[in-house]
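For the sequence shown, the positions run 0 to 405 when numbering that gives the first Met the number 0 is used.
Please keep in mind that the hints were generated in silico from the structure rather than gathered at the bench. Incorrect hints may appear among the rest.
Derived BS3-like pairs: lysine-lysine, alpha-carbon spacing no greater than 30 angstroms straight-line [unchecked claim]: (1) K52 - K402; (2) K160 - K96; (3) K149 - K337.
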Amino acid sequence: MKNDIAFMKNMHVSAGAGPEFLSETAIEPVRHLHRSVESYQWTPLVSLGALAKEVGVKGIYVKDESYRFGLNAFKGLGGIYALSCAVCERLGLDVEKVSFAELKKPEYQEKLRNMIFVTATDGNHGRGVAWAAGQLGCKAYVYMPKGSSKYRAQAIRNAGKAEVTITDLPYDDAVRYAQSMSREHGWILIQDTSWPGYEKVPSWIIQGYTTMAYEALRQLRKYGEETPTHVFLQAGVGAMAGGVAGYLVNACRPRPVITVVEPDQVACIYESARHQDGEPHAAVGNGTTIMAGLNCGEPCTVTWPILRDFASFYMACPDYVAANGMRQLAAPKGGDLKVTSGESGAATMGAFMAVMERPELAGLKQEMGLNENSVVLLFSTEGDTDPESYREIVYHGACAAPKETY
0 MKNDIAFMKN
10 MHVSAGAGPE
20 FLSETAIEPV
30 RHLHRSVESY
40 QWTPLVSLGA
50 LAKEVGVKGI
60 YVKDESYRFG
70 LNAFKGLGGI
80 YALSCAVCER
90 LGLDVEKVSF
100 AELKKPEYQE
110 KLRNMIFVTA
120 TDGNHGRGVA
130 WAAGQLGCKA
140 YVYMPKGSSK
150 YRAQAIRNAG
160 KAEVTITDLP
170 YDDAVRYAQS
180 MSREHGWILI
190 QDTSWPGYEK
200 VPSWIIQGYT
210 TMAYEALRQL
220 RKYGEETPTH
230 VFLQAGVGAM
240 AGGVAGYLVN
250 ACRPRPVITV
260 VEPDQVACIY
270 ESARHQDGEP
280 HAAVGNGTTI
290 MAGLNCGEPC
300 TVTWPILRDF
310 ASFYMACPDY
320 VAANGMRQLA
330 APKGGDLKVT
340 SGESGAATMG
350 AFMAVMERPE
360 LAGLKQEMGL
370 NENSVVLLFS
380 TEGDTDPESY
390 REIVYHGACA
400 APKETY
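Just need the whole structure built from these sequences, with the hints factored in.
The following block contains the structure:
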């Protein structure tokens, strides 16, 4: 069999303290704000017991974020918290005390109507920002990279008062364009990546993402598991992966083995780790992948140090790995529940199953310590955000693995 999955072990995983801004105390305001949103509820943690038995681990648990805020993806968690922090900052309010409903009070509406937000997105983040802005009666401008799904663009428009433009720019240039528009027009940039001089808003977004990990740990206890032993996290710029990893490093004892999963043609976290100089580096692939939510070429400067210091493994996977994960979740074993997971959401399931099933990855499986005592936590970060693509992959077999890999 031919192995076309790149992987790397971190030989210098830190045993030091986790990031302070992702501690339980630091993220309590996030819990407070999210709980105050009318449509907030915990998303399901699905136990795949039959699959766990088949592959030889104790448990596999999938956090299904397709139910989050009716947005079919997790990104609203970061968007609504960051946007609320930005609003409170401008209104002189304390985000630790105010509820989201209070921000809708008539006394604030005139000022809110003059606030305009802007972002760049491959789909899910923009939808979260548009939705959050729309909840407060604010307008948003959303710029998408070339090749973006028209369905995802329309979903952003439907989520809130957003003007959406699919540009002819790659993702990272679309981010720079949104930044330039914010400067030119005085709009508020709500971007889910960071660079020197722009780190406060991304830090709010990253804190917002911790809610799904907070919920997952408590849901695991209901299944009789104290903490996960292994966590696979998909990464684009690494904001979600770093945020969740940083929170878990603080919250779990013992700490789980964390693996970062990326598309092989746009793997900026893997590339940064490969250099072994501690610095972030841009991806070197051709920038094409079905995993639209992970198609990001430059690491988030806030979370790269977290993934550098606390992730144990890095994987860069071909598209068919994510497609296999989608099909696995759509057609579960035994009495396991189905999870509708999009290309980016299923990347970690595909990567995990490749490690468990492919003989040429047996050494990696052993190094990761995956065995009959392992409790594996995955985050399905999106549902079928592009239904046409989902149908082609899950029902019609698109993006199948090359024959030489099996």
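Run the distance test for K160 versus K96: straight-line Cα separation, threshold 30 angstroms.
holds, 27 angstroms
Given the hint that K149 pairs with K337, test it: the Cα-Cα distance must not exceed 30 angstroms.
holds, 27 angstroms
Can the restraint linking K52 and K402 be considered satisfied, given a maximum Cα separation of 30 angstroms?
The given pair, whose Cα atoms are some 27 angstroms apart, holds under the 30 angstroms limit.
Comparing the model with each numbered hint stated earlier shows that all of them hold.
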